[in-house]
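These are the residues of each chain, in order.
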Amino acid sequence: MEPRVNQQMSEPERKNMLRQGAKGRAVHDIGGLEFGPIDRSEHDLALWEKRTDAMLILLRDNKRRVLSVDAHRRMIESYGEQEYDRTTYYEKWLRSVRNLLVEQDVLTREEIEAKMAEVRAKHAKAGRKAAKETVPW
Amino acid sequence: MVSKRPHTRKPAALSGAFAPGDPVRVAKRPVLGHCRTPWYLRGKPGVVAAVYGRFRNPEQLAYHKPGLPALVLYKVRFAQGDLWGRYAGPAGDHLEADIYEHWLEPIT
Numbered sequence: 001m002e003p004r005v006n007q008q009m010s011e012p013e014r015k016n017m018l019r020q021g022a023k024g025r026a027v028h029d030i031g032g033l034e035f036g037p038i039d040r041s042e043h044d045l046a047l048w049e050k051r052t053d054a055m056l057i058l059l060r061d062n063k064r065r066v067l068s069v070d071a072h073r074r075m076i077e078s079y080g081e082q083e084y085d086r087t088t089y090y091e092k093w094l095r096s097v098r099n100l101l102v103e104q105d106v107l108t109r110e111e112i113e114a115k116m117a118e119v120r121a122k123h124a125k126a127g128r129k130a131a132k133e134t135v136p137w
Numbered sequence: 001m002v003s004k005r006p007h008t009r010k011p012a013a014l015s016g017a018f019a020p021g022d023p024v025r026v027a028k029r030p031v032l033g034h035c036r037t038p039w040y041l042r043g044k045p046g047v048v049a050a051v052y053g054r055f056r057n058p059e060q061l062a063y064h065k066p067g068l069p070a071l072v073l074y075k076v077r078f079a080q081g082d083l084w085g086r087y088a089g090p091a092g093d094h095l096e097a098d099i100y101e102h103w104l105e106p107i108t
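Residue numbers (my numbering), protein chains in the order written: chain L, 1 to 137; chain S, 1 to 108.
Hints are not guaranteed to be accurate.
Taking lysine to aspartate or glutamate pairs in the EDC-like style, the calculated list, with each CA pair at most 16 Å apart, reads [as the list claims (entries may be wrong)]: (1) K65/S with D98/S; (2) K44/S with E101/S; (3) K28/S with D29/L; (4) K75/S with D98/S; (5) K65/S with D29/L; (6) K75/S with E105/S.
Treat the hints as calculated values from the structure; they're not laboratory data.
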């Protein structure tokens with residue numbers, strides 16, 4: 001049974017409705033559902049995106065072995081539907097790397113949150129705009 | 001704890017339950033946790049196109065486990081018409097996917 005989908009619906013509403021007709025699928029496992037056309041446009045990578053990529057490569061190398069691509073996939077797939085649909089490729093990667101660092105006892109959640117608060121305060125003091133939004137764990 | 005598993009995943013002996021040309025069906029069962037077999041292939045018939053070798057089980061590697069014994073990985077070919085209810089492309093169109101042995105059942 002195909003769920004009734006109206007293309008005029010807001011995107012989160014439409015995607016949630018499609019998933020309601022696909023019980024048992026993991027959040028990323030959406031092949032064949034009609035989510036509309038794929039945006040194939042490319043963009044230049046921002047510095048933070050390159051750094052995220054570099055961190056993943058370093059954390060999975062033979063010297064460190066903090067994480068595997070499989071654990072990384074599992075962590076990305078554990079995101080909630082709304083967050084999964086809303087976030088970009090490297091935003092998903094960054095959350096995964098952070099969570100795996102905690103899961104593997106390299107850093108604690110408290111250490112990461114304290115550092116984030118410190119960085120925010122530094123930017124605020126310098127009069128720079130810092131995002132108030134936090135990435136859900 | 002940081003995982004100490006060896007990082008390389010070299011294919012070992014090729015021997016598996018299936019050979020190229022064998023008709024197979026992807027198991028249709030619920031999934032707990034990480035899994036590389038896409039939903040849209042569950043329960044679908046296909047044909048083994050190639051045997052890649054043995055690789056550590058990603059469903060266990062995802063939880064920092066050793067992923068042993070290594071499982072045989074196959075390239076399986078599916079007819080597009082078998083996958084999508086309303087497939088409008090040419091009849092010969094097919095799709096190939098990498099599927100681990102524990103997700104495949106023989107078609108007799």
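Of the numbered hints stated previously, which ones are contradicted by the structure, given in increasing order?
1 and 5
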